[in-house]
Amino acid sequence: MASLSHKDLLSIEQLSVEEINLILDTAEALREVSDRPVKKVPALRGKTVINLFFEPSTRTRSSFELAEKRLSADILNFSASTSSVSKGETLLDTAHNLEAMAPDIIVIRHESAGASHLLGRECRSSVVNAGDGMHEHPTQALLDGLTVRTVKGRLEGLKIAIIGDIAHSRVARSDTLLFHKMGADVWICGPPTLIPWDFDKLGARITGHIEEAIEGSDVVMMLRIQHERQNEAFIPSTREYYNIYGLTRERMRLAKKDTIVMHPGPMNRGVEIDSDVADADYSVILNQVANGVATRMAVLYLLSGNAGLKVKRSSR
Amino acid sequence: MQLILRQGRIVDPSQKLNKVADLAVEDGRVSEIAPKIRKKGRKEIDVRGLLVFPGFIDMHVHLREPGREDSETIESGTNAAARGGFTAVACMPNTQPVNDSEAVTSFILERAREVSKIAVYPVGAISKGSQGKTLAEIGEMYRTGIVAISDDGRSVQDSQVMRRAMEYSRLFNLPVIDHCEDKDLAAGGVMNEGYYSTLLGMRGINPAAEEIHVLRDSILAMQTGAQLHIAHLSTRRSLEAVLRARKEDKVSISCEVTPHHLLLTDAQVCSYSTNMKMNPPLRTQENVDALVKAMAAGDIDAIATDHAPHNINDKMVEFDRAPFGIVGLETAVGLIYDRFVKTGILTLERFVQLFSSNPARILKLERGTLAPGAWADITVVDPELSWRVDSTQFLSKSRNTPFDGWKLQGGPAMTIVKGKAVWSI
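From first to last, the protein sequence lines are chains A and B.
All residue numbers for the first sequence refer to my numbering, where the first residue is 226 and numbers rise by one.
All residue numbers for the second sequence refer to my numbering, where the first residue is 958 and numbers rise by one.
Please note that the accuracy of each hint is not assured.
[Said to hold, decoys possible] Okay, the calculated beta carbon distance ranges per label pair:
1. 1347/B / 267/A: 48 to 58 Å
2. 428/A / 1194/B: 25 to 35 Å
3. 494/A / 1124/B: 51 to 61 Å
4. 1228/B / 243/A: 18 to 28 Å
Rather than coming from a laboratory, the hints here were simulated on the basis of the structure.
Glycine included, C-beta positions come from ideal geometry on N, C-alpha and C.
Take the sequences, apply the hints, and build the full model.
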């Protein structure tokens, strides 16, 4: 039986290349479930999944919820604003209370780096990190990996440019770690004020010039400026930012002919990306969303240790 | 004779002493050291095989009283100190209320007289409420018994205020202790800025935040002639700044380091343990290596724990929400002995200087020596003692140590204050 050797999925850092391939292969196999007339498999029947969201999220939360429903899990949704967290309860107490309800898997999003690790250490349930502060967002990186692999047939050897607010992006960290592990040539690009120290040691090349990042690239991934995580000015203005880092049609000409454009969302049209780029043929932004459900199904399925689903080895 | 310690190895650099001998105490003071004392003591202790040092002084602790007695009290903190081999501590002023007045200083001293078995030396605030705006009543606190001034963690940002504090301190010959941190540069940071903060997605504290203030302070101390002491120095550049000021500019400047900055690196934050969170933060291996080298060379004056007890509820939270600080009183001596003395990096003489004679010199205490006539404050260390750090056994009210479970060889065996054993194993 194929399964992950970990109790929790907390980061890309913890995964081996084999495990990443296993998740992507499983996601590929599960993708067709969403095309069925009855979009449901019994893989997680009788299992309980708690979605614990301490930060607002629409995309990731709905994606997890759909994945859980399509696997027939029982779901409990828990958001910080409607819970005792607003009454001063600590994360650990919240977790222990939920744990007492005997869930099998807890999906957590939290604004503190390491919050999912804290939960994983304290809980018997499997914990899935759905984004912890500026640290990691492993399922996003996995779905990005799946999206690129599906379109390009491989990850190895591709030039992948990740452009924008790197410092405040957990997606940038997880994506860099994943693409680097899978043998891609990862380029990180953004204003020097938004590139953290030693980011190259995560396995990326760094440039401040968008032209250099895009030139000859197979994949262009845009990130938004995370104003909500910035308590100081990292850039002079969004106008200047657009002039220097906005993804325009002209700049896209530097990329390979068959390049694709990605964005983990939410997009700020006219700031980091022009509408005619976001909506162009080479944009796979909506494929990412579709792949998100399959990837999360795969992760939940593999963590639940459930047997029965055949995993087709990838055709790479 | 009140007390005779028989046949211990007495190490006291102030008398250039490192030999096996008897030590006699009368009226709370050392009366005689000789190979063999014939007289009988009312109390005699066989300390064969043990090391006998001038009492250790931790010049940087937080006793939390008044204000946060849930984390530590003067009683529990000094008990922890005695158990850790310390005969004296200097306590920082960031209590609630801040020790910025004669009233708070005398409360601390009064309380210490009631409950403490060891000496307690209060450090007064530099500014009122440690707000960094106007000078606290330093003269009145001095009259009451403070041994230094510092705003510690709420360090003075306004350089003009710092200059005035240094000028004013000279009147009383009081050392100015600074927790060096440019708060704007460090703002929001929770760990050292570098590879690991990037990997973990944590806000970093740029090491320059410390280094800039070390440089600022050393220049101001040169101008004002103040006696400057750098608290918990943690980077190589800070160290270089101190040495340059001392050697080239003849500034009266000293510095302390903590055991954790000598033994742990920022890589340890990967555990997300909030016991790896302190300020200054754990630095890179390169910085640790530089500190160890400087300590061995005698360029570092003192080891201080920055004992910062925090109630477990405050630490059992997400890393970025946890308060800075760890306890250190009950682990420092064992850690430094095991990792640096036993390994040959530190001589016994340096060990004594770091823990006793230098802190006494910096704070101008009549301590740090076992010369006949001196107070019989004595730390006895068992070099063969095998033990394991177990935070559940701490006498401190708090358990926030990153060293839990560490196996150590060598540790405090007895703590004697004015000739009275206040703790023994």
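Going down the list of hints, with the structure as the test:
no.	hint	result
1	1347/B / 267/A: 48 to 58 Å	49 Å, holds
2	428/A / 1194/B: 25 to 35 Å	29 Å, holds
3	494/A / 1124/B: 51 to 61 Å	59 Å, holds
4	1228/B / 243/A: 18 to 28 Å	25 Å, holds
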